[in-house]
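**Student:** Chains V and R, in that order, are what the protein sequence lines are. Per the working numbering, the very first residue in the first sequence carries number 1; after that it's consecutive. Per the working numbering, the very first residue in the second sequence carries number 1; after that it's consecutive.
By construction, these hints were calculated from the structure, which means they are not laboratory data. Only a predicted model underlies this, so the values are computations on that prediction, with no experimental measurement involved. Using N, Cα and C, we set each Cβ at its ideal position, and we do this for glycine too. Warning: the hint list may mix true and false statements.
[Stated by the list, open to error] Some chain R residues near chain V, calculated using beta-carbon distances under 10 Å:
hint: 1; residue: 50
hint: 2; residue: 69
hint: 3; residue: 73
hint: 4; residue: 80
hint: 5; residue: 99
hint: 6; residue: 100
hint: 7; residue: 118
[Said to hold, decoys possible] Residues on chain V that point at chain R, a partial pick, calculated with CB under 10 Å:
hint: 8; residue: 15
hint: 9; residue: 20
hint: 10; residue: 26
hint: 11; residue: 29
hint: 12; residue: 219
hint: 13; residue: 227
hint: 14; residue: 228
hint: 15; residue: 230
hint: 16; residue: 231
hint: 17; residue: 235
hint: 18; residue: 355
hint: 19; residue: 436
hint: 20; residue: 437
hint: 21; residue: 442
[Claimed, not checked] In silico DSSO-like links for lysine-lysine, alpha-carbon gap of 27 Å or less:
hint: 22; chain 1: V; residue 1: 433; chain 2: R; residue 2: 66
hint: 23; chain 1: R; residue 1: 86; chain 2: V; residue 2: 238
hint: 24; chain 1: V; residue 1: 238; chain 2: R; residue 2: 87
hint: 25; chain 1: V; residue 1: 37; chain 2: R; residue 2: 110
hint: 26; chain 1: V; residue 1: 238; chain 2: R; residue 2: 220
hint: 27; chain 1: R; residue 1: 178; chain 2: V; residue 2: 453
hint: 28; chain 1: R; residue 1: 66; chain 2: V; residue 2: 14
hint: 29; chain 1: R; residue 1: 220; chain 2: R; residue 2: 27
hint: 30; chain 1: R; residue 1: 178; chain 2: R; residue 2: 118
hint: 31; chain 1: R; residue 1: 110; chain 2: V; residue 2: 39
hint: 32; chain 1: V; residue 1: 37; chain 2: R; residue 2: 134
hint: 33; chain 1: V; residue 1: 38; chain 2: R; residue 2: 128
hint: 34; chain 1: V; residue 1: 39; chain 2: R; residue 2: 127
hint: 35; chain 1: R; residue 1: 66; chain 2: V; residue 2: 13
hint: 36; chain 1: R; residue 1: 134; chain 2: V; residue 2: 39
hint: 37; chain 1: R; residue 1: 113; chain 2: V; residue 2: 37
hint: 38; chain 1: R; residue 1: 87; chain 2: R; residue 2: 134
hint: 39; chain 1: V; residue 1: 37; chain 2: R; residue 2: 127
hint: 40; chain 1: R; residue 1: 86; chain 2: V; residue 2: 37
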Amino acid sequence: MKKLPANQILQNKKELKNRAMNKILLIIQREYLTRVKKKSFIVMTFLGPILMVGLVFAQFWIKMIPEEKQNVLVVDESQLFLNKLENTSNQTFSYSKNTLSFEQRNFYKTDDNVILYIPANIIDSQKIQIFYKKQPGLGMQDYINTIVGKKLEEMKLLASGIQINQLESIKTKLNLTTTKIEKSGDFETKDNEVSMALGFIAGILIYIFIFLYGAQVMRGVIEEKTSRIVEVIISSVKPFELMMGKIIGIAAVGLTQFLLWIILSAVGTSMVGNFFMKDKQSVDQMEQTFKTNIPQKAAFKEMPTDEKAEIMDSFLNQVNLPIMLFSFLFYFLGGYLLYGALFAAVGSAVDNEADTQQFMLPLTIPLILSFTLAQNVMTNPESSLAFWLSVFPLTSPVIMMVRIPFGVPYFDLILSMIMLVLGFIGATWVSAKIYRTGILMYGKKSSYKELWKWLFYKG
Amino acid sequence: MDIFSAKDIVKKYDKHTALEGVSISVKKNSIFGLLGPNGAGKTSLIRIINQITGPDSGELFFNGQKLQQNHIERIGYLPEERGLYKKMEVGEQALYLARLKGLSRQDATKRLKYWFEKFEITTWWNKKIEELSKGMQQKVQFIVTVLHEPELLILDEPFSGFDPINANLIKNEILELKEKGTSIIFSTHNMASVEELCDDIALINRSKKILEGSVKDIRKEHRTNTYKVEFTGNIISFTNAIWTGCELLEKHTEGNVNIATIKLLYDATPNQLLQAIMPHVMVNGLQEIIPSMNDIFISKVSNEKIASESNFTE
Numbered sequence: 001m002k003k004l005p006a007n008q009i010l011q012n013k014k015e016l017k018n019r020a021m022n023k024i025l026l027i028i029q030r031e032y033l034t035r036v037k038k039k040s041f042i043v044m045t046f047l048g049p050i051l052m053v054g055l056v057f058a059q060f061w062i063k064m065i066p067e068e069k070q071n072v073l074v075v076d077e078s079q080l081f082l083n084k085l086e087n088t089s090n091q092t093f094s095y096s097k098n099t100l101s102f103e104q105r106n107f108y109k110t111d112d113n114v115i116l117y118i119p120a121n122i123i124d125s126q127k128i129q130i131f132y133k134k135q136p137g138l139g140m141q142d143y144i145n146t147i148v149g150k151k152l153e154e155m156k157l158l159a160s161g162i163q164i165n166q167l168e169s170i171k172t173k174l175n176l177t178t179t180k181i182e183k184s185g186d187f188e189t190k191d192n193e194v195s196m197a198l199g200f201i202a203g204i205l206i207y208i209f210i211f212l213y214g215a216q217v218m219r220g221v222i223e224e225k226t227s228r229i230v231e232v233i234i235s236s237v238k239p240f241e242l243m244m245g246k247i248i249g250i251a252a253v254g255l256t257q258f259l260l261w262i263i264l265s266a267v268g269t270s271m272v273g274n275f276f277m278k279d280k281q282s283v284d285q286m287e288q289t290f291k292t293n294i295p296q297k298a299a300f301k302e303m304p305t306d307e308k309a310e311i312m313d314s315f316l317n318q319v320n321l322p323i324m325l326f327s328f329l330f331y332f333l334g335g336y337l338l339y340g341a342l343f344a345a346v347g348s349a350v351d352n353e354a355d356t357q358q359f360m361l362p363l364t365i366p367l368i369l370s371f372t373l374a375q376n377v378m379t380n381p382e383s384s385l386a387f388w389l390s391v392f393p394l395t396s397p398v399i400m401m402v403r404i405p406f407g408v409p410y411f412d413l414i415l416s417m418i419m420l421v422l423g424f425i426g427a428t429w430v431s432a433k434i435y436r437t438g439i440l441m442y443g444k445k446s447s448y449k450e451l452w453k454w455l456f457y458k459g
Numbered sequence: 001m002d003i004f005s006a007k008d009i010v011k012k013y014d015k016h017t018a019l020e021g022v023s024i025s026v027k028k029n030s031i032f033g034l035l036g037p038n039g040a041g042k043t044s045l046i047r048i049i050n051q052i053t054g055p056d057s058g059e060l061f062f063n064g065q066k067l068q069q070n071h072i073e074r075i076g077y078l079p080e081e082r083g084l085y086k087k088m089e090v091g092e093q094a095l096y097l098a099r100l101k102g103l104s105r106q107d108a109t110k111r112l113k114y115w116f117e118k119f120e121i122t123t124w125w126n127k128k129i130e131e132l133s134k135g136m137q138q139k140v141q142f143i144v145t146v147l148h149e150p151e152l153l154i155l156d157e158p159f160s161g162f163d164p165i166n167a168n169l170i171k172n173e174i175l176e177l178k179e180k181g182t183s184i185i186f187s188t189h190n191m192a193s194v195e196e197l198c199d200d201i202a203l204i205n206r207s208k209k210i211l212e213g214s215v216k217d218i219r220k221e222h223r224t225n226t227y228k229v230e231f232t233g234n235i236i237s238f239t240n241a242i243w244t245g246c247e248l249l250e251k252h253t254e255g256n257v258n259i260a261t262i263k264l265l266y267d268a269t270p271n272q273l274l275q276a277i278m279p280h281v282m283v284n285g286l287q288e289i290i291p292s293m294n295d296i297f298i299s300k301v302s303n304e305k306i307a308s309e310s311n312f313t314e
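So here's chain R without its partners, still in its complex pose (with noise of 0.2 Å):
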């Protein structure tokens, strides 16, 4: 069951096109990420979900429903460009924001007591925002885009401008939410954050969709069929063992133990390389390479069309 459906969004400013047809679809009780370069056109997807602006065309759904007004109070959203009053004190301030969201004075209050007591910042209170540094700013935006509880929450870079401190534990919170039930569109340029947090992506680029599925899936699908071999014995042998069928990509030596990334050309194994070269060295260990999603992120940005041709599909 997906909590958040788009079909075919369309969003047009004068001559730019922001979105081009764009569909996603994010499954419940997991995060999906919403990849893609700067001026992609993710902001604009987020923004339509949040029905700041609405599509020229297409369709959203939640939860089944079409998307809807007062949808918005079960939607949490944390912008890039974050932004809390400056003169306003934090404790006040987070009160507001919750009952914009909906929330009465008195569950705003228990929920803000026990959200300021679990990041120890209970002594903040009464400052004014003004008078706390940028993480900590960041610290208190993040309560008040989770305090209404959410059932979906969209998280714009949420781990910009915190220390690798404060980064860890806003991902413990990102993790704990998801597991109490909550569902979590996340867009960042972060990819190792991506590997580790996310079930599934959506890559866009140039206002188009050009890519989705779970990650593994997606790692799966853009192996190269690379092959990292570690072995000790001589160089020489070992590059003449090679047949045909591969190609050296990288070699070195760590201590007294070598190190080559192949590339296996057309059909061939790792059996087939096994073969090849242990009569000749003594092989130690043969991993793949699994691309990283950052690989895969830059190479179907960069080269969308050459990427496409040269892909391996299996």
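The shape of chain V in the complex, shown without the other chains (with noise of 0.2 Å):
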């Protein structure tokens, strides 16, 4: 044997680097490109945002439906009422003089859809009552109760001898702002339930990436094992690059979904958007309809321009943009990888689907642990339950992404970020090891006894 010089050995280490980094690549073109190519795949990657899509026309459309018109028979014992009530669109209001038990008997030869009776002590009662031949709708019964309400209101208000402007201006709306101090003496405001929504979204997104692809990780494992292909293959490339290969191509593939979901979802929801602004008539109506049922999102329309603006600044100001993505995409694949590796090591620990059970369990608690709790961490979000779930490797994903918003110190951030990458490495250590082993094991039920023996097993 002739011993080579050391710059031929440093090549050809080099080259064999490379080798081992091309054959990983074609481990992931393959894990990617076969996923990619399934039916499955196709039909998930277009009905996800169809669903999507779907809903948001269902919801327009159901409010765009106009209500039957409702001829509104009033029957006023109290003479309170007459002729106060305006007509709407849907609503048309006519009195009566007679007496609510003649109304009700003649009700069906008339062409009224409701008797509304309003009795003659309601002041005292504050009780009215609808009598119909067809249930009228929700949004009808709203408009009646609250617009005699209302008015009901004002009458009192007069007999008091108060002035309608003179109340609004005792009534008081307060403003309350959260302000943080620094031990550096610096003031830090928060008003951030946008980016308390958005941090929650992230987490949510992410807890469903690991539960689905993780998933896949351990699938295709498992299918390598049973269908025996993997002794083929670990004798061209070493299991861990087979197992990495594996992971990284189904990340490949998880984040390909869902970018398309993203991009056919805007798309397919601004494209509902303009079919519906199209005419002016529907855009009236959708306000109105808006304006009823979601009072606050009305009330920011009356808002003065000014006031609005200043709000979507405070939302600019109060999220970190740039580290809140950071995070995210951090947060995202970190968590996956971690997630990634313990369920390719679960995969290759058993022979078919139905035994990953009690494996499963030790991931699938933190993992769900993390998102009940989740609500917990919002609430509280300085607690030490908050601090010391988002710093272990296995709920950090979902936990720091929900902290984010309310201003995580950088000692929390950057510690619970050291401590994923750790997480990842160790994590991926012990799977190779249980991997490598596994994988070639068949037929065995195995425990965690033996997974433990395999940890120390000589390559």
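Dock the two chains into a complex; use the hints.
**Tutor:** Here's what the structure looks like:
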């Protein structure tokens, strides 16, 4: 055996590394292409946004269905509301001079849809009643309730000698801001409903991604093991390379799907939006429904423009977008890689999916826990529970995303990220050891004890 | 020159020892039979050669160099437990596996075309593996194993799953590969094919190598000094004629010819046997019975100790 010169050995090593890289790339490519070409992937890619757009569409559509015109016959024994209820596009009010029992008897001879009965003692009893042929919609009931109530309020005010504008000036709307005083003496004000929502959605996305695609890694490993092809492949590449190639390839599939969903949903929603915005009338109608159904939104619309701008402003100021985006990507990928490695180990230890139960538990518990505790963390973002959950690698991807909108000290964030990286390295190391032995163990039910032993087998 | 050799390989799993100081050497351009009963440690050894697992101790050499990761591309492995991706198309899959062995896409495509034409399976290119019968899958797997023209080919039960015609096709391919310079490690339980194909063998039993050498020598060594005698004449006078240096193992009659199997005891020679019987019967033929690999396998494995004591050594 001749000794090779040092520089040639170095070059050999370099070439070996290159070849290993090429093989991992090849594995990634296969994992990616076979999945992306699958019918189920294509179906899901289009079905996801269609469902999303459909949901939005349905909401618009339901609101756009004009409610049937309702003729409301008012039997007003108190005589207080005579000709005072305003007609709308949906309701026409007419007033009866007869008794309630008379109108009830003649109800079906008229084209009135409902009878609104206002008793004589309305001011004391505060009770009104509706009689109908066909159940009137909730919207109409709400409308009548609100408008009669409002009129009654006005009358009471007048009776007690208060002007309406006087009342408006007395009504007080408090505005609470929370301000943190930092150790350094700086102030930090947070008004962060939007960013909270963003953080929560980011957490949920990470949760879904890990579950969906982590399980795919596991299934892929089981497929290779049960079809026995794994022995052929690891006679060409190292088990670790196969495992990492699979995990990364599936991550790429997931990212592709998410990206396509976002793009297709955005395109689809805006198309639906355009379709409905075309005619002015429907826009008016929509505004009407929004006004009556969603008072806050209407309030936002009626707000003076500078106030609106202020809210948008504070949103942009409060949400530290770069940090938010960076952390999302970091925890999204980091969390997936960590869990992906563990899922691969589980897949390698079993012969079929039914046997995965016992090993899945320690993986699903922290994941589900982080999801359920996310709300607790939102109400108590600076508790020690929140801190530990956002540092522990198995829960940090979801929890940290929920915490970030509330402002996380850089120390916590960096610690959590380092822990996640360490967690990933540790999990990959452990998984690679289990995987290496597990994929060659056919027909044996493995126990935790055995997995533990596998960790110490020599390569 | 050896293409491959293993020295004192030890592999332990937990409490079970799979290999206990096993050494083998495979000559270049030869077919080496790796034999042994189920669970003897063959698969462990094969996996170590393929660097799927590593030995606890011992050394491995490929072409005189210490076995390294990059040697993997010069080894082809057909595992006993066959498997391909069921949902993947035949051509695409073969390309993938070939490229994992370091072939470029163009090279792999060119060679695949050659093999597909040779096996007359070009129409399978776009079929999914799951659409093929088991025998057809085996064919694809064989092609994938040899496509990168490995210097060392490891075949674990290569004939299982094939009908006699296809088994013969594969056998001829193996011989052709050998002719072209490939060295082959061949693991099987089919002793007839060992006699037909193998130059050398090693027999592993209970984690230890208990026999090795060339097939010819081993069979010679295991001769038991037994002869088949064909004769016409009276059987009783034949039996009386055999002197005490012989043991009549079996006798039967085919038409008017009698056939007796006789084991010569002590240092008796066939000449002495002939001298004893010739005056009494008409001898048509005398032939030494050389034990089959099957007999040797069974006697070695099932009765390791006893067999080693009662063996005749020349």
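**Student:** Each hint should be assessed against the structure and marked as holding or not.
**Tutor:** A quick look at each hint next to the structure:
Proximity of residue 50 (chain R) to chain V holds as hinted, the smallest CB-CB distance being about 4 Å (cut-off 10 Å). With its C-beta approaching chain V no nearer than about 6 Å, residue 69 (chain R) sits inside the 10 Å limit, and its interface hint holds. The interface hint given for residue 73 (chain R) holds, since its Cβ lies 8 Å from the closest Cβ of chain V, which is under the 10 Å cut-off. For residue 80 (chain R), the shortest C-beta to C-beta distance to chain V is roughly 9 Å, which falls under 10 Å, so the interface hint holds.
The interface hint given for residue 99 (chain R) holds, since its Cβ lies 6 Å from the closest Cβ of chain V, which is under the 10 Å cut-off. A cut of 10 Å between beta carbons decides the hint on residue 100 (chain R): the least distance to chain V is about 4 Å, and the hint holds. Annotation: residue 118 (chain R) was flagged as interfacial toward chain V, and the flag is violated, the nearest CB pair being 21 Å apart, outside 10 Å. With a least beta-carbon distance of about 8 Å to chain R, the hint placing residue 15 (chain V) at the interface is held under the 10 Å criterion.
The interface hint given for residue 20 (chain V) is met, as the beta carbon of that residue sits about 8 Å from the closest beta carbon of chain R, less than 10 Å. Contact between residue 26 (chain V) and chain R, as hinted, is supported at the beta carbon level, the nearest pair being about 6 Å apart and thus within 10 Å. With its C-beta approaching chain R no nearer than about 9 Å, residue 29 (chain V) sits inside the 10 Å limit, and its interface hint holds. Evaluation of the residue 219 (chain V) hint against chain R yields a violated restraint, the C-beta minimum of about 12 Å exceeding 10 Å.
A cut of 10 Å between beta carbons decides the hint on residue 227 (chain V): the least distance to chain R is about 4 Å, and the hint holds. For residue 228 (chain V), the interface hint holds, since its Cβ comes within 10 Å of a Cβ in chain R; the closest pair sits about 3 Å apart. Proximity of residue 230 (chain V) to chain R holds as hinted, the smallest CB-CB distance being about 7 Å (cut-off 10 Å). At a threshold of 10 Å, the smallest CB-CB gap from residue 231 (chain V) to chain R is about 4 Å, leaving the interface hint in force.
The criterion of a C-beta within 10 Å of any C-beta in chain R is met by residue 235 (chain V), whose closest approach is roughly 4 Å, and the hint holds. Interface hint status for residue 355 (chain V): violated, as the beta-carbon distance to the closest one in chain R is roughly 19 Å, over 10 Å. Residue-level restraint check for residue 436 (chain V) holds (minimum Cβ-Cβ distance to chain R is 8 Å; threshold 10 Å). Of the supplied interface hints, the one on residue 437 (chain V) holds, with its beta-carbon coming within about 8 Å of a beta-carbon of chain R, less than 10 Å.
This hint holds: residue 442 (chain V) has a C-beta 7 Å from the nearest C-beta of chain R, less than the 10 Å allowed. Only pairs whose Cα atoms come within 27 Å are accepted, and residue 433 (chain V) paired with residue 66 (chain R) is accepted, the gap being roughly 24 Å. Distance restraint check for residue 86 (chain R) and residue 238 (chain V): the Cα-Cα separation of roughly 22 Å lies within the 27 Å cut-off, and the hinted pair is therefore satisfied. For the hint pairing residue 238 (chain V) with residue 87 (chain R), the CA-to-CA distance comes to about 23 Å; that is within 27 Å, so the pair holds.
Distance hint between residue 37 (chain V) and residue 110 (chain R) is fulfilled; the C-alpha atoms sit about 25 Å from each other, no more than 27 Å. Proximity of residue 238 (chain V) to residue 220 (chain R) is assessed by CA-CA distance (about 43 Å); at most 27 Å being required, the pair is judged violated. Under the criterion of a C-alpha separation no larger than 27 Å, the hint pairing residue 178 (chain R) with residue 453 (chain V) is inconsistent with the structure, at around 42 Å. Pair hint residue 66 (chain R) plus residue 14 (chain V) holds up; C-alpha atoms about 19 Å apart against a cutoff of 27 Å.
At most 27 Å may separate the alpha-carbon atoms for a hinted pair to count; residue 220 (chain R) and residue 27 (chain R) meet this at roughly 21 Å. Our distance criterion of 27 Å between C-alpha atoms is met by residue 178 (chain R) and residue 118 (chain R), whose separation comes to about 17 Å. With a C-alpha separation of about 30 Å, the suggested pair residue 110 (chain R) and residue 39 (chain V) falls outside the 27 Å cut-off, and the hint is violated. A threshold of 27 Å between alpha carbons decides the hint, and for residue 37 (chain V) with residue 134 (chain R) the separation of about 26 Å falls inside it, so the pair holds.
Proposed proximity of residue 38 (chain V) and residue 128 (chain R) is supported: the alpha carbons are some 13 Å apart, at most 27 Å. For a cut-off of 27 Å, the pair hint linking residue 39 (chain V) to residue 127 (chain R) stands: about 17 Å separates their Cα positions. About 15 Å separates the Cα atoms of residue 66 (chain R) and residue 13 (chain V), which keeps this hinted pair within 27 Å; it holds. A threshold of 27 Å between alpha carbons decides the hint, and for residue 134 (chain R) with residue 39 (chain V) the separation of about 26 Å falls inside it, so the pair holds.
For a cut-off of 27 Å, the pair hint linking residue 113 (chain R) to residue 37 (chain V) stands: about 24 Å separates their Cα positions. For the proposed pair residue 87 (chain R) and residue 134 (chain R), the alpha carbon gap of about 15 Å is at most 27 Å, so the pair holds. Only pairs whose Cα atoms come within 27 Å are accepted, and residue 37 (chain V) paired with residue 127 (chain R) is accepted, the gap being roughly 15 Å. Taken as a hint, the residue 86 (chain R) and residue 37 (chain V) pair is honoured in the structure, with Cα atoms around 15 Å apart against an allowance of 27 Å.
Going through the hint list in order, the structure does not satisfy hints 7, 12, 18, 26, 27 and 31.
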